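Each number in our numbering corresponds to the 1-based position in the sequence shown with 170 added.
Please note that the accuracy of each hint is not assured.
[Unchecked claim] Each pair of labels, with its calculated beta carbon distance range:
id : residue 1 : residue 2 : range
1  : 271       : 501       : 33 to 43 Å
2  : 175       : 305       : 11 to 21 Å
3  : 396       : 552       : 52 to 62 Å
[Stated by the list, open to error] Each computed SDA-like pair below joins lysine to any residue, with the alpha-carbon atoms no more than 25 Å apart:
id : residue 1 : residue 2
4  : 451       : 553
5  : 433       : 523
6  : 407       : 440
7  : 433       : 507
8  : 271       : 231
9  : 454       : 492
10 : 325       : 523
No lab work stands behind these hints, which were simulated from the structure alone.
All of these numbers come straight from a predicted model, not from anything done at the bench.
All residues carry an ideal CB built from backbone N, CA and C; glycine is no exception.
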Amino acid sequence: MPKLLLFEADARAALGRGVEKLTNVIRGTLGPKGGNTIIDRPVGTPIISRDGVSIIEEIELEDLFENMGAQVAREVSMQTNEEVGDGTTTALILANAIIQKGFAVINDQVNPIEVVNGINQAIEVMITALQNSAQPVESDAIIEAVASIAATEPKIGRLVAQAIKTVGPEGIIKVEFGQLGDTTIELDEGASFDRGYLSHHMVTDVERMEAVLENPLILISDLRINTPQQILSLHAKAQDAGRPMLIIAEEISGEAMTALLSKTKAGGPAVVVVHPPEYGKWRKGLIEDIAIITGGRVLTRELGATVDDVTVDDLGTASQIRVTSDNTYVTGGAGDTAQIKGRRDHVRRQIDLTEVMVDRDKLEARLAKLSGGIAIIRAGGITPAERIRREQLIEDAINATRAAMEDGVIPGGGAALVQNAVALDDLIESLS
171 MPKLLLFEAD ARAALGRGVE KLTNVIRGTL GPKGGNTIID RPVGTPIISR DGVSIIEEIE
231 LEDLFENMGA QVAREVSMQT NEEVGDGTTT ALILANAIIQ KGFAVINDQV NPIEVVNGIN
291 QAIEVMITAL QNSAQPVESD AIIEAVASIA ATEPKIGRLV AQAIKTVGPE GIIKVEFGQL
351 GDTTIELDEG ASFDRGYLSH HMVTDVERME AVLENPLILI SDLRINTPQQ ILSLHAKAQD
411 AGRPMLIIAE EISGEAMTAL LSKTKAGGPA VVVVHPPEYG KWRKGLIEDI AIITGGRVLT
471 RELGATVDDV TVDDLGTASQ IRVTSDNTYV TGGAGDTAQI KGRRDHVRRQ IDLTEVMVDR
531 DKLEARLAKL SGGIAIIRAG GITPAERIRR EQLIEDAINA TRAAMEDGVI PGGGAALVQN
591 AVALDDLIES LS
């Protein structure tokens, strides 16, 4: 296919027009009072959005050279979205201003290298000025205010603030399409895994058919409990401590189970047995996570451990364990904060290195448990278009709030730049 060619000023002019056109499309969506953009699609209903990156993804310009400029501008917005999660419109407006002014001085025969160096120096000065003027985000009220401003809907702001307060700034918050007109939230605090009690005789709350253990000891293992003597030795540790116990074990024989239930029925502390979660390599990682969360030690047959080796020092603990027929929930694990953070960082690195989506999903689920739980916000709306729009608002609110909690807040994007522009005076004078 023949190639069309443009050079020098003509090429810069065409690229600049493309960037300008793309910027003008999303300029009106900027800020709390920004409006919506409606975009037609070849298939399906039109998209209504005020999310910059979502809008520009749908745009192709007719002029090939202008479209190349638009693609460059799109990359700016996409990278901002990937690294920060919000501020894509502001980033594109700034990029357009830099490009238009930069092309103008290059057309006046200024050395492009000097232009780039000046831009980079100005960026460093402005970043420092903005950081110095930022206010920390500490109270729940400010967190909710940031989320509400980013979402432009107070209810979404409240839900996002509730989610972040529950799972923490590093916790997992998923955004899904809801089946109702209203936007809802589902919270799953603490760590959990999909294994339940091995006998319904272990329940402590008959009405709910749950075993609720307050301040329990926790044995984390893949051991096999074969004899009544082995299970009774574990029960004795719980009785001596005056605390209930959760036992995670690969297997318990019928005789051992009968001995345990008889002992518990006779008035001893509640002891609940569950199987370890997952299988293979995933099991190893998960039970290590549980041990770190609860401050216990993993006892495995692979390393030669037996039930007879168990000591109280090997056991973890938590403020509460709740066991249903299918799941186990750990709340208030007593693990060391630094170790939990190190484990989170380790899992996060694994996620970054993993390309297989199934593996990523499992690793992200582990990260959620290590981060204090998971929150699911379901975007409601009467129509699919409304649900899509609200989903984008929720994601913007989550990303903006997390960024604010990490770096602080400033009074507006453009307003803060104008107020801090005086910081460039010395640099401009030195370059003149």
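Results for each hint:
{"no.": "1", "hint": "271 x 501: 33 to 43 Å", "in the structure": "violated, 56 Å"}
{"no.": "2", "hint": "175 x 305: 11 to 21 Å", "in the structure": "violated, 51 Å"}
{"no.": "3", "hint": "396 x 552: 52 to 62 Å", "in the structure": "holds, 60 Å"}
{"no.": "4", "hint": "451 x 553", "in the structure": "violated, 43 Å"}
{"no.": "5", "hint": "433 x 523", "in the structure": "violated, 49 Å"}
{"no.": "6", "hint": "407 x 440", "in the structure": "holds, 12 Å"}
{"no.": "7", "hint": "433 x 507", "in the structure": "violated, 36 Å"}
{"no.": "8", "hint": "271 x 231", "in the structure": "holds, 22 Å"}
{"no.": "9", "hint": "454 x 492", "in the structure": "holds, 22 Å"}
{"no.": "10", "hint": "325 x 523", "in the structure": "violated, 36 Å"}
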